[in-house]
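Could you slot chain B onto chain A? The hints should help.
Number of protein chains: 2
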Amino acid sequence: MNRTRIIHAVLFVAVTQLVAASVVLASDPLPSWSDGAAKQSINAFVRLTTTRGGKSYIPPNERIAVFDNDGTLWSEQPMYFQLAFALDRVKALAPKHPEWKTQQPFKAVLEGDLKTVLAGGEHAILELVMATHAGNTTEEFSQIVTNWLATAKHPKTGRLYTDMVYQPMLELLAYLRANGFKTYIVSGGGIEFMRPWTEAIYGIPPEQVIGSSIKTRFEVRDGKPVLVRLPEINFIDDKAGKPVGINQHIGRRPIAAFGNSDGDLQMLQWTCAGKGPALCLYVHHTDGQREWAYDRKSSIGRLDKGLDEAKAKGWSVVDMKRDWKRIYPAEHK
Amino acid sequence: MNRTRIIHAVLFVAVTQLVAASVVLASDPLPSWSDGAAKQSINAFVRLTTTRGGKSYIPPNERIAVFDNDGTLWSEQPMYFQLAFALDRVKALAPKHPEWKTQQPFKAVLEGDLKTVLAGGEHAILELVMATHAGNTTEEFSQIVTNWLATAKHPKTGRLYTDMVYQPMLELLAYLRANGFKTYIVSGGGIEFMRPWTEAIYGIPPEQVIGSSIKTRFEVRDGKPVLVRLPEINFIDDKAGKPVGINQHIGRRPIAAFGNSDGDLQMLQWTCAGKGPALCLYVHHTDGQREWAYDRKSSIGRLDKGLDEAKAKGWSVVDMKRDWKRIYPAEHK
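Protein chains in written order, with the working numbering: chain A, 1 to 333; chain B, 1 to 333.
For reference, chain A alone in the conformation it holds in the complex (with noise of 0.2 Å):
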């Protein structure tokens, strides 16, 4: 290219460029949020840590934002979906373990009672996880979980669990990268089990996903390196351990955190101890309709500490039946 032809395309590419910046400026990047208290603060956060200049500013490499996913990011009724993932495995791998014929909570599953599997507690959950997440490699797990994923459909909603992603959060997730934020998921899921999948479906690559884990150990199989997945807890992304994977992760405290549960809670209270200014949401689950309407007596997702210190302390509470006009990408307004 000449002189004026590389001027020529690099003008058409810079203004075309600044077109695309004015229309995002112009339209709304929270088009399934209804005008109010949540969606607001959301807002005015977002002006107030980005604009040069203003004694908020929070420089780019700072601004990190966290966010539950179960109940947060996607649902989690009537069960977490990595359960049912498990319940499916324990199905798939029976054939190779006649002795869960007779043993629980392997029989229980075999027989599609969920009630009993459910009533042995959370011993009998990580017994589910540890037979049907452990054993393989790295690669393996991953593949598997994506096989899964792209049949398994939701008991309820007949939905591909991967389209039951609230609309609304994928576009505040997308607000907050387009304004320069970093977008973690810190979950009390296992990390191995969303990560195959978190980048198609958030924009949320592995590296940006925290969660609880088992061990894995370095091996050389036929000369080639693996790890394999031990079935030995390695860490409880939860919580009080909320806090701690994310120092681990990340080595920073985030400025905003998103979460649906009393296990979010000490996530939101580092969040927001920071000195400088930070936001925390909860997302309370009130749309039986559309969703479920779950919170202080709930099993799963139980929103009740939560809600109280959100109160006490300003945080911001999304009313998902008033505050969110969709709840998931498929569906019309």
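Take the hints with a grain of salt, since some may be wrong.
Note: identical chains are not told apart, hence a pair may lie in one copy or across any two.
Mimicking DSSO-like on lysine-lysine, the simulated pairs with C-alpha atoms at most 30 Å apart in a straight line are [claimed, not checked]:
| hint | residue 1 | residue 2 |
| --- | --- | --- |
| 1 | Lys311 | Lys275 |
| 2 | Lys239 | Lys215 |
| 3 | Lys224 | Lys313 |
| 4 | Lys224 | Lys55 |
| 5 | Lys182 | Lys215 |
| 6 | Lys96 | Lys153 |
| 7 | Lys182 | Lys224 |
Because the hints were derived from the structure by calculation, they are not lab data.
Please read these numbers as outputs of a predicted model, since none were measured by experiment.
Frame of chain A; chain B shown alone:
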């Protein structure tokens, strides 16, 4: 601004950027590297993986490069710099610990008897680290590290420790980042010992630092949430621990790995066993005059098995004496 002024302004910015880009393209991004096999392999790898349309093209989100720290990004002789920090901390804390006057390995430290300290082996080192790295909050510890690095001088060079980073590696980090790579530290050193300064010195933010760690506990003290550092090992990020740490933090296999010792061997094996193109490089300490010369027999940074495997697998090996025109940033060529 009216439309014409906007176009002029945009044109100015665009042309300026174009000129800047040409300058970058025209000049050598690795000026402290002698022309040789190591530099050529780096350049070839970057070209190969970033050329759009090429069959070895790697999208930016998968361009993960991992760097050991001690002996790879900064010096590690005559002892790991973090050990020098621990020894200084013992002296600083001694007034509060009268019992250390008679108790090993503290007694030896206070008497300046390094030989006895090191004769205590790993157990003695661990005891020193626990006594000096735990018992405070994450914020307090970060401040202690920052203060130490601002004043402590290396016993041989008289320089600040952060002035003993390798200029050629700073150039390599910047070169990779300019080509869309995400650069990580994966070190046997303490994660919280590195994070306070890696962003300023290496351009590597805390969330891209992986290292060994002790456990922390979330507590609310006087209404203020803190993370307390406990005298209990959480994770040792060395040898077979490095691929485990990489998987925990990044969740994706790197495509480039840089180390200098047998402690980095599994990290290089893991990186170079991926399906696509990958670069594995060892820094070989061969310059006894400008730095230190050591390899197969050294107790610090031993490079023995790694040297053999590099030869067998055709990995790149930097001969510091021959390949680096300059060692430290402040040094003249």
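Go through the numbered hints given earlier and state which of them the structure violates, listing their numbers in rising order.
none
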